[in-house]
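S.K.: Chain residues, written in single-letter form:
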Amino acid sequence: MGKWKVLLGLVVFPFLLAGWPAAGQETGSKKILVLNPESRVLNPNKLRNLGKHLRFLIRRYPSLEVLEIPSLQFKVMKRKAKCRGSETECLVSIGRQVGVNRFLHSEVQKLPGRYLVVMKLVDVDVGRLIETSRQRARRRIGSLRGALLKGWVDLFGSLIRSQLQVSANVVGADVFLDGRNIGKTPLILTKDLGKGTHIIEVTHLDCLPARQEIQIAKGRKLKVSVMLEEKPTEVAVAPQPPPAPAEGKKIGGKEEQDPAELLPPPPPSPPSPTPVVEEKVETPPGSKSLPSKQPDPRPFLPSFETIGGVEKKKPGEKLRISESGPIYKQWWFWTAVGVVVVGGVTGLVVGLTDEDEGIPAGRGRVVIEF
Amino acid sequence: MLPRHFICLLVIVAGLVVLSGCGPAPSGGLALEVRFAQMEQAQTDAGGLPLGVHSYIVQARTGGLDGNLVGGTDCIGIDAVDKKRMSVKLDLPAHQGVSLVVSAYGGAGCSGSPDWQGLAYNVVIQAGRQIRVPIYVTRRGMQLNPTRAHFSEPRVFATATALDDGRVLLAGGFENPILQGGLIRLQASCDAVIYDPGTARFSSPIPLAAGCRGLHRALKLSDGRVLVVGGTRRVMVDFNNTVTVRPSGDHLVTTAEIFDPGTNQFSPVGSSADIGRADAAAVAMIDDKVVLIGGRTVSLKSDTIVAGPLGGDTWNFSAMGTPLLTPRSGARATRLTAGILVVGGNVSGTDPVELLDPVSLTSAIVSLSTTASLSVFGHSLTQLSGIEALIVGGVPDEAGALPGNGAVSISLGGNPPTVWEGTLQHPRAFHAASLLEDGRVLLAGGLDDTLSARKDLEVLVPGGSSQVLTEATLGTESIGMAAARLPDGSVLLAGGLGLETGGTVKLSSTVLLLSP
Chain A
54 MGKWKVLLGL VVFPFLLAGW PAAGQETGSK KILVLNPESR VLNPNKLRNL
104 GKHLRFLIRR YPSLEVLEIP SLQFKVMKRK AKCRGSETEC LVSIGRQVGV
154 NRFLHSEVQK LPGRYLVVMK LVDVDVGRLI ETSRQRARRR IGSLRGALLK
204 GWVDLFGSLI RSQLQVSANV VGADVFLDGR NIGKTPLILT KDLGKGTHII
254 EVTHLDCLPA RQEIQIAKGR KLKVSVMLEE KPTEVAVAPQ PPPAPAEGKK
304 IGGKEEQDPA ELLPPPPPSP PSPTPVVEEK VETPPGSKSL PSKQPDPRPF
354 LPSFETIGGV EKKKPGEKLR ISESGPIYKQ WWFWTAVGVV VVGGVTGLVV
404 GLTDEDEGIP AGRGRVVIEF
Chain B
126 MLPRHFICLL VIVAGLVVLS GCGPAPSGGL ALEVRFAQME QAQTDAGGLP
176 LGVHSYIVQA RTGGLDGNLV GGTDCIGIDA VDKKRMSVKL DLPAHQGVSL
226 VVSAYGGAGC SGSPDWQGLA YNVVIQAGRQ IRVPIYVTRR GMQLNPTRAH
276 FSEPRVFATA TALDDGRVLL AGGFENPILQ GGLIRLQASC DAVIYDPGTA
326 RFSSPIPLAA GCRGLHRALK LSDGRVLVVG GTRRVMVDFN NTVTVRPSGD
376 HLVTTAEIFD PGTNQFSPVG SSADIGRADA AAVAMIDDKV VLIGGRTVSL
426 KSDTIVAGPL GGDTWNFSAM GTPLLTPRSG ARATRLTAGI LVVGGNVSGT
476 DPVELLDPVS LTSAIVSLST TASLSVFGHS LTQLSGIEAL IVGGVPDEAG
526 ALPGNGAVSI SLGGNPPTVW EGTLQHPRAF HAASLLEDGR VLLAGGLDDT
576 LSARKDLEVL VPGGSSQVLT EATLGTESIG MAAARLPDGS VLLAGGLGLE
626 TGGTVKLSST VLLLSP
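Protein chains in written order, with my numbering: chain A, 54 to 423; chain B, 126 to 641.
Same shape as in the complex, but just chain B (with noise of 0.2 angstroms):
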């Protein structure tokens, strides 16, 4: 029956589309009028530039978007029901690494600053032969952009690396939230997906090779491909009535791996009871030595410096000799000139901020004449510069304390460092955090002193002061999304979690575009 019915209608259909659809075109080749889901915005299935846009026009340039012009089209204007709407062609000249820009404009004649824009980079250009290339434009000025899908499953507390082709990887994170004990206990994913930033889509589940983690590090490598390590695979949370967020030392992973671009695969790479710590600090060296510091591991705090230099497939990981001078856990490091610099994430009244000896790791306290408390966990920490970075936000790390507002900047460029204080909008702690293309900071979303979860983006300028972006709004679940910035200077936001009555929470697969 079933057979039938299908054979049956397949035929009809394809009867129907070969006499009524097509026709001989005044060219001599075939003429098919398709016509295209009408939509507002491009962000939908549908595909196509958004209903808004009224004229666009390509560019083509060598290497980057400062290149040399290869070529373009003229400015396209178009109705609602153009074709050119969907795709356009291009012929270009025979060329490796093309970058191709597209500028849309809601009014006709391509004039003024484009409202929407896409871009596509590394584009190569074979004499003969035709590609697709698939962009996706999203309206700029600190605009929130969807995508055109959700992610799998959603998640809290995964990580977003951006890869060398433009693509995002999120790895692991939280899932699953159970109520249990007047706790949310959290499980750790077990797979990740890359977004694609022309077709503003993810791939389907890629499963981690060494297990499910969250509150891990992912660390982009030299050569591209992405190194996880660490985490756990449970998780309790609680910002009902105090702001817990409590990594299961029972369930720390042991094992790292690698993810490879090119295959789109992970693989382990290592195991050592070393890096079995989560929420640790982490920075990536340029020689591709990985450094663990602190983390929550059997103890609460861990002052073990973990460094893991690349062998060949297998990195040996192993505990430093000297270390940190503090005990911490959710402290945040970045590498600067001068070493790496570890904030937050240890007791209340002890010094918060140490600086790694790049070659021995060595640590040593850095002294500040600041009367913002940097002992604080669910911060941000962002390298401004190769001697400059922002801590923003955070809860002091002691018995019912709440998110603050502070910003630190802190320049290792003279001897004393140098101090930078601000204030946020409003309060922060488990943002978002992501430095834009014009030396501004976007934070965005993040638990405040009500313990709420905040809707808002601010964006501060360092050693100026901080705005909150009236026009973009994030859903309430915003604490704990991954960020990461794409190539056109475009922020992403992913996944989040969000708190609901009754003490329960809820997690977002949600992924937003922040185009400057």
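Excised from the complex, chain A in its bound form (with noise of 0.2 angstroms):
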């Protein structure tokens, strides 16, 4: 009967197993709609531009997922739904028709000698507006482009500036950084860390610790690859707490926005279509295998060497830069995947064969979790 049940599961879980990604995207990312702003007075291609930048800079955020529709389809979708202007009911039905949490609209009128850039952004599963902001412009692109970035930060709230990614060889090892416990491997912290140096740990309990300083500039993105050493010696079950850090200085410690910052970000350099800078931190091929018996248990410290403005380490350290391709082509995300296949099986099996078996008459059975 248990083995039917194993079996029962091991064809369940693939399926419960393909429909995780949707139900992670519930509870993750929120939907936006950004079309590229109405108007009466600019033509078409300073529209299509101007869209695009606002696209490009909400694309920062990990927490929205940016969608678009053309705009001869959302003048469609007004006709139909008989808007008249850009009413909050209209939006909200259209955002409904395109299957969006939220709706960025955005429209640039005409006012005597100046131009008026009005956003709406709306709460498409409510159904209600959450804000509308005005923001003056010049004529030219780079007035219009800033005052759709002043009207986006009056509407979300801070610009996201610096992008923190750290992977290591393990999943789930703690990061630190500057001494502050930021999470877990694999790692994307996207926050203004403050210009200058920081110190990024990563620590795990079957692992020696390994340790970095990185230098982070405003608008740029750093990704840290680090490969752990196991430790030297099997390590007993005693009960021994994870390596703390040294108490280092506070994360964020300038996470609002100056307003004389709020201009609009420098344009992109040709090659790359987006002003965030990447730094690729990674390991060098062939250094994945185990360390020698004898470890140099010391804190490691790194040189660096400059590639094209961006500090890089030398062959034969553990933290290195290197190019990075698609995601599942990375190392990580097949053990991340390992992992969860085991723990969903296992926690199935587990699940499968205690379920009501053996409880004496009269009596229920109560398992505690801790």
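None of these hints come from the bench; they were simulated from the model.
Each hint should be verified, as a subset may be incorrect.
Simulated restraints, written as ranges between beta carbons of each label pair [claimed, not checked]:
| hint | chain 1 | residue 1 | chain 2 | residue 2 | range |
| --- | --- | --- | --- | --- | --- |
| 1 | B | GLY306 | A | PRO165 | 24 to 30 angstroms |
| 2 | B | THR598 | A | THR250 | 25 to 31 angstroms |
| 3 | A | PRO123 | B | ILE137 | 41 to 47 angstroms |
| 4 | B | THR367 | A | LEU169 | 34 to 40 angstroms |
| 5 | A | GLU422 | B | GLY306 | 35 to 41 angstroms |
| 6 | B | GLU523 | A | LYS135 | 54 to 60 angstroms |
Using N, Cα and C, we set each Cβ at its ideal position, and we do this for glycine too.
Starting from two chains that each stand alone, build the complex the way the hints lay out.
M.R.: Structure follows, in structure tokens:
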């Protein structure tokens, strides 16, 4: 009987797993519809340019999934919904048809000698207007972009500028930034970390800790890949707290934006479509083998060399710069998938085998989980 | 490419699990050895009792903790890899409303007072059925315990309301700080989360039905639902040069909504310009009539009393004909036997304490023989009994004033009212306060007279002295935390605001539990 349950679990589990990404999406990011601004006074090319810029800004937020529909389709939907302008009910109706959680509508109007950028953020789920922002601008594209940026910040809060991604050969290793635990690997931290030098430490119970100084500049995206080495001897099961880093300075020392900094970011350089500079720090080929039996117990402090203005580790160190590919080609992705699969199957087997068996008559069973 | 990789991996892993993970057990079933993460504390995603626990016992009682013992385990000794560190089975007679108590010990043999404890209430035992009950144990002895997760968005000035089923509703508040003209502008949060004390985790965000709001009021009604009313969508704060918490009068929320713990949803239940007020004092009466007192309206301070009697699914709020004797904003109120006691939130020099008649809601001045200034804001008002309330800390409502360390209890048991005056170890304003089961009052964090966020906690004995808890330390974001007492006597402290150099602030998404 028990083996049948296991086999049933193995059949059912892939289907459960197939539904997992959708479930994760539901609790994670929100879909936001961001269209090109509407205007009777600007030409379509300029509006497309502004819309593209706006979507680029919003894609920096990991909690938001940006969607767009062609302007023509939007006009058709407006006509079908019998919208006269950009009333909230109309935007909610269109947002529901598209299947988004939020709708950011923008419009450029002409004032005497100036332009007015009107932005509306609508909560499609609840069916209400969250906020309206009005920003003045000049006709030139830079000024209009700046007004969109200011409007977005006014509606949504501070602009995300720095992003730190930390991955390791061990999923679930603790990551410390300047002595403060910021999560477990793989980790994406999107916030303004403050310009300057920071210290990353990655620790795991079964591995030697890794420590690294990083330089963070505004608008930069830093990827750090860490190859943790196993501890040389087998670790006893005795209660050992994970190695705590030294108390350091606080992170996010300047999370809010100075109004002076709400200016549009510099235009992207030609090879890269985004002003967010990616610095990738990763393990070199061939360095994934286990360490020798007498590893160096000292905290490792790699040296740097500069490539293209980005500091990079030399060969032989644990943190290095390299190219990154699609997510499914990353080694940690399959490690994470493996962990999820094993955990799911295990949980399913445990859950199926102990249900309602051997309960004495007239009694109920309580499984207390700690 | 991706599906092929995925399917191959799935098949390989599944095969390995079947071939090597499972084998025939002596009893004929399947034996599966699962090794769980080794962590010193249970307060991790891995779960399990803290590794410091070496023995524990589970007791099941009918009704509350003082009910009859209907079952339980013997003392269970565990080592680091014992599966009973993660869960334990218990067969009990069928019964409605059983309380399960887990007492855990650092030593073997379950002797002495428990070092950790966890509770589950109202567990229904059905014959022939198995149920799973998560219990999160916390270290006892006035210790701070982390929860297993943070809530979704950092926030400050949220409301924390203990629900009848033991969960806590954390609603609204402010997030997204932006520096604007030397002040910090905070935008109201548009959702709520529910803390589950069994799992020490939070629900996914639940959208507020009637809009974003902070500095609102959340009041639990007699049927267990929670009415959320008033507030504003923006507030400006400054703790650098002066103590400023200025709700925006242009973004007031004029709606009320109700949270149903059965559906975990909010529903709009009324709208009125009269409830468009932030930082008002509020109480729910025995008949579920909700009374809002003063607050920030289009005026900086309001003298209006607004009452909302329940009318089916819609609440009808309207201003009462008789106003307060003094306009107030940031006042605190509590319902005593003699009426609604309203303290502070008014300008200095006028009568700081008023008492509203519980039926007519007409106000009368309460004359007190005390030297302490009660014309304060950012203070706490804690009901000690049906006739007594305690006022702690706050900032005198005058230019350039700093937080104080006064503590005053008012007893309306006699005529004239009796007053006790004491002092805290440290000045505090915008701190969290909660009455503990033993009658002491917990005071956590807040802003001190150096305009710094205090990291410590004090326990005040009304009529006695106050002591700092030396072994419990908060984070730096300790201003404007929300507090609620859980059924096991622990106090939940959520969110908060910390001060950074350069005039900026930092919000917290951390939730801590102080366990008695």
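S.K.: Next step is simple, just say for each hint if it's right about the structure.
M.R.: Evaluation of the provided hints:
no. : hint                                       : in the structure
1   : B:GLY306 with A:PRO165: 24 to 30 angstroms : holds, 27 angstroms
2   : B:THR598 with A:THR250: 25 to 31 angstroms : holds, 27 angstroms
3   : A:PRO123 with B:ILE137: 41 to 47 angstroms : holds, 44 angstroms
4   : B:THR367 with A:LEU169: 34 to 40 angstroms : holds, 36 angstroms
5   : A:GLU422 with B:GLY306: 35 to 41 angstroms : violated, 51 angstroms
6   : B:GLU523 with A:LYS135: 54 to 60 angstroms : holds, 57 angstroms
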